[in-house]
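Heads up: the sequence lines are chains A and B, in that order. Quick note on numbering: our numbering labels position 116 of the first sequence as 116, and the sequence is numbered without any gaps. Quick note on numbering: our numbering labels position 68 of the second sequence as 68, and the sequence is numbered without any gaps.
What the hints contain is simulated information worked out from the structure, not anything from laboratory work. Source: prediction; values computed, not measured. Some clues are possibly wrong.
[Unchecked claim] When the alpha-carbon atoms are kept at most 25 Å apart in a straight line, the in silico SDA-like pairs for lysine to any residue are as follows:
#1 A:K198 / A:P67
#2 A:K5 / B:T12
#3 B:K116 / B:R174
#4 A:K5 / B:A15
#5 B:K116 / A:P67
#6 A:K42 / B:R6
#7 A:K5 / B:A14
#8 A:K42 / B:A199
#9 A:K5 / B:T2
#10 A:K42 / B:A184
#11 A:K42 / B:P49
#12 B:K116 / B:I128
#13 A:K42 / B:L105
[To be verified] If you want a taste of the chain A side facing chain B, the calculated C-beta under 7 Å gives, among others:
#14 T17
#15 L19
#16 L20
#17 P67
#18 W70
#19 M78
#20 A81
#21 F82
#22 L148
#23 V155
The beta carbon of each residue, even a glycine, is placed where N, CA and C say it ideally should be.
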Amino acid sequence: MKASKEITTRFAITLLTLLLYAQAVEAHVHKGEAVSFLSGLKHPISGLDHVVAMIAVGLWGAQLGAPAIWVLPVAFPMVMAFGGMLGLLGVPLPGMEIGIAASAILLGAAVMMELRPPIALAATLVGFFAIFHGYAHGSELPPGESGLLYSLGFVMATGCLHAVGISIGLVHRWNWGQRWLRVAGAAITLAGIFFMWKVFA
Amino acid sequence: MTRSSRHRLAITFAAALLFLLLPLRAEAHLPTIGLGPVYDGIFHLLLSPEDLIPVIALALFAGQRGTGSSRRVLWILPVAWFAGGLTGMFIATPRASALTCLSFLLVGGLIAANAKLSLPLTTALAAILGFFHGCLNGSGINRFNDGAYFLLGLALSVFVVVALFTSFVIPLRRQWTLIVVRVAGSWVAASGLLMLGWALR
Numbered sequence: 001m002k003a004s005k006e007i008t009t010r011f012a013i014t015l016l017t018l019l020l021y022a023q024a025v026e027a028h029v030h031k032g033e034a035v036s037f038l039s040g041l042k043h044p045i046s047g048l049d050h051v052v053a054m055i056a057v058g059l060w061g062a063q064l065g066a067p068a069i070w071v072l073p074v075a076f077p078m079v080m081a082f083g084g085m086l087g088l089l090g091v092p093l094p095g096m097e098i099g100i101a102a103s104a105i106l107l108g109a110a111v112m113m114e115l116r117p118p119i120a121l122a123a124t125l126v127g128f129f130a131i132f133h134g135y136a137h138g139s140e141l142p143p144g145e146s147g148l149l150y151s152l153g154f155v156m157a158t159g160c161l162h163a164v165g166i167s168i169g170l171v172h173r174w175n176w177g178q179r180w181l182r183v184a185g186a187a188i189t190l191a192g193i194f195f196m197w198k199v200f201a
Numbered sequence: 001m002t003r004s005s006r007h008r009l010a011i012t013f014a015a016a017l018l019f020l021l022l023p024l025r026a027e028a029h030l031p032t033i034g035l036g037p038v039y040d041g042i043f044h045l046l047l048s049p050e051d052l053i054p055v056i057a058l059a060l061f062a063g064q065r066g067t068g069s070s071r072r073v074l075w076i077l078p079v080a081w082f083a084g085g086l087t088g089m090f091i092a093t094p095r096a097s098a099l100t101c102l103s104f105l106l107v108g109g110l111i112a113a114n115a116k117l118s119l120p121l122t123t124a125l126a127a128i129l130g131f132f133h134g135c136l137n138g139s140g141i142n143r144f145n146d147g148a149y150f151l152l153g154l155a156l157s158v159f160v161v162v163a164l165f166t167s168f169v170i171p172l173r174r175q176w177t178l179i180v181v182r183v184a185g186s187w188v189a190a191s192g193l194l195m196l197g198w199a200l201r
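Chain B on its own, in the form it takes in the complex (with noise of 0.2 Å):
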């Protein structure tokens, strides 16, 4: 290592040092404070299992039907869960724990069972289920005026979780890795089974 790369690298450290040691307010309540409706939207979808799960899971389902079915959802998902989210600002939407249920027994199912899907049918299950799912989120939050702002950060996210899993997906070819996806699959829909369960109780 050179004297000025020597340098170089003491400046950074101690810059990060400073930086580490700059005083913050502890700000404990995100909650009541807020991101900021875009970010408010990209976290909700992070921090909600119930909305992720089906995500990832109608990924991976995409993933395993190939490259056509994943371009496919990777727009119409996102497009629907928007429309759907506007939709459900406008519209009193129960909270149907029992019907989220059956996203997960339905997606999660289909992705054990390698089930053979045609490009229509995975279509319209992705406009579906995307719609669904945004319809419950858009009535939550119809007493925000900035709800459209929200909806575009979960509709951006639900494109890059899209966008991730199925691009792990695709390229899987080794039989132990297909049968692992699978059994993620059997997974979903056992919890589904569990929630519904616990939604009939």
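For reference, chain A alone in the conformation it holds in the complex (with noise of 0.2 Å):
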């Protein structure tokens, strides 16, 4: 116990010299890509109309369970990746808003109801959703970013909302989840609702 101890002891005191060594500072990095997978990363959370359309995805796969559960969180990030890159072609797509908060209103309804449509029906009901999901943030991509970690970060968030939505999903195995998961679903259909009429407002 006396040796482990020490040993810890030894360790922690290298690891503390090798973290306060003075390091070289690299004062000039390339144009935009310190911030780059940052503002990628932040992208998808800056508008409430993308991160409850993504939750509900999460919440949705966790009800419909074994193979949504993966399925669409496999799936969602291509799809929406697509509707990236028309966005970035600068490819013309009408009713972007409205498709935006139709799906926090379908999504959000199919959670609150808990829809079990076959898995094809859901993906591609997900799938299309993700298209203007993806459009929105490509056709919003600022100029100056290095691509790559930008679109690293944004894909990286996208998927982490999805898993926070799976996270809470976990919880419909009790009676209680289960209507907490309905209860949570209505309230995306509220916003959404909020997001449509903000659209035609």
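Put the two chains together into one complex; each comes in its own frame, and the hints tell you how they fit.
So this is what it looks like as structure tokens:
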């Protein structure tokens, strides 16, 4: 025990030394590279309409169980990125904001009513809405960023939002959890109605 | 803790403190002084996500396919990278960012789909991917006399990265851990799609 304590203390001192060791300063990073990953990471969580829809996908996946619980988070980023590519290329997509608001309404309703369509239909519905979300992100990407780092941050943040939804959705195994998930679905639908009202207001 | 071990710890602590107080010159401009060709090659991979991510992705894919594919990729990828780099040093290769995106898309898509690629096809994929990325790297270093050492460092770090990630994926057995690998693949593919849009913009 004494020996292991001593080893731990020595290890801590070495670690502290390495951490405090004076490193060379790399002050001149390329333009945009230092912030690109973080700004990509921040982009999907900067709009409530995107956040609620992504979480709804996770909640619905958790309600549906396997294989939807993993098919949706695997498929969504790729379809969303396809939408993002359309946005980057400037391909016109009418009704983008309506599509985003409708995604919150319908995905929220699916969670609220605990709908259980065939997996192909659920994936198609989620993929359809993913195009609108991706397009919105793609058309808003700021110039002067590192494309790769921004894209990585952006996709990872979206994936993490799904993971949050799935993690919350795991309460579905309990009766009280099922009721609260339905309440959460209703709240998402209401938020979607608010976003739709804002589109037409 | 005995008196002698306390004494030894005090000496270690004092040595660490002296080491920290040692004045060092701030070398802020590493791009101009470099770290030597081998270390430059090693750090090039670790600091270039456009090269690092395809290597990690291919390692994840090889890990999904098992020990045989992993062993093959472990040796083929660094060798192909080195060969491609040497080739690239002598031929003018354009900076094909759209083609780089395709490697993200292809390998990420294969991971997400958990594609059952045969061993010869996986080997061919590693050879083509390594040669292509090596060529791009090589064309950027043809002005330097010690390019081969740079490529050696690069190939060594490719070897280490592949070894680390394949050994991480191969023992995975639980369903959710395998899904996490597939989700990571979908993120790589999604980033590739976004980068493609960025490149064609």
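Verification of the supplied hints:
As the CA atoms of K198 of chain A and P67 of chain A are separated by approximately 35 Å, the hinted pair breaks the 25 Å bound. This hinted pair checks out: K5 of chain A and T12 of chain B have alpha carbons roughly 15 Å apart, not beyond 25 Å. At roughly 19 Å between alpha-carbon atoms, K116 of chain B and R174 of chain B fall within 25 Å of each other, so this suggested pair holds. Under the criterion of a C-alpha separation no larger than 25 Å, the hint pairing K5 of chain A with A15 of chain B is consistent with the structure, at around 20 Å.
Note on K116 of chain B and P67 of chain A: the hinted pairing holds, with a Cα-Cα distance of about 19 Å set against a maximum of 25 Å. At roughly 49 Å between alpha-carbon atoms, K42 of chain A and R6 of chain B are farther apart than 25 Å, so this suggested pair is violated. For a cut-off of 25 Å, the pair hint linking K5 of chain A to A14 of chain B stands: about 19 Å separates their Cα positions. Note on K42 of chain A and A199 of chain B: the hinted pairing holds, with a Cα-Cα distance of about 22 Å set against a maximum of 25 Å.
For the given pair, K5 of chain A sits about 12 Å from T2 of chain B by alpha-carbon distance, which is consistent with the 25 Å threshold. A hinted pair counts as satisfied when its Cα atoms are at most 25 Å apart, and K42 of chain A with A184 of chain B qualifies at roughly 19 Å. A hinted pair counts as satisfied when its Cα atoms are at most 25 Å apart, and K42 of chain A with P49 of chain B qualifies at roughly 19 Å. At roughly 18 Å between alpha-carbon atoms, K116 of chain B and I128 of chain B fall within 25 Å of each other, so this suggested pair holds.
Distance hint between K42 of chain A and L105 of chain B is fulfilled; the C-alpha atoms sit about 23 Å from each other, no more than 25 Å. Proximity of T17 of chain A to chain B holds as hinted, the smallest CB-CB distance being about 4 Å (cut-off 7 Å). The beta carbon of L19 of chain A comes no nearer than 10 Å to any beta carbon in chain B, farther than 7 Å, and the hint placing it at the interface is violated. Look at L20 of chain A: its Cβ gets to within about 5 Å of chain B, closer than 7 Å, so that hint holds up.
Interface hint at P67 of chain A: violated, since its Cβ lies 9 Å from the closest Cβ of chain B, which is beyond the 7 Å cut-off. A cut of 7 Å between beta carbons decides the hint on W70 of chain A: the least distance to chain B is about 4 Å, and the hint holds. Because the beta carbon of M78 of chain A sits about 5 Å from the nearest beta carbon in chain B, less than 7 Å, this interface hint is met. Interface restraint check: A81 of chain A against chain B, minimum CB-CB distance 4 Å, threshold 7 Å, status holds.
Interface restraint check: F82 of chain A against chain B, minimum CB-CB distance 6 Å, threshold 7 Å, status holds. Checking L148 of chain A against chain B by beta carbon gives a least distance of about 5 Å; that is within 7 Å, so the hint holds. The closest approach between the C-beta of V155 of chain A and any C-beta of chain B is roughly 4 Å, which is under the 7 Å cut-off, so the hint is satisfied.
Of the numbered hints stated above, those contradicted by the structure are hints 1, 6, 15, 17, listed in ascending order.
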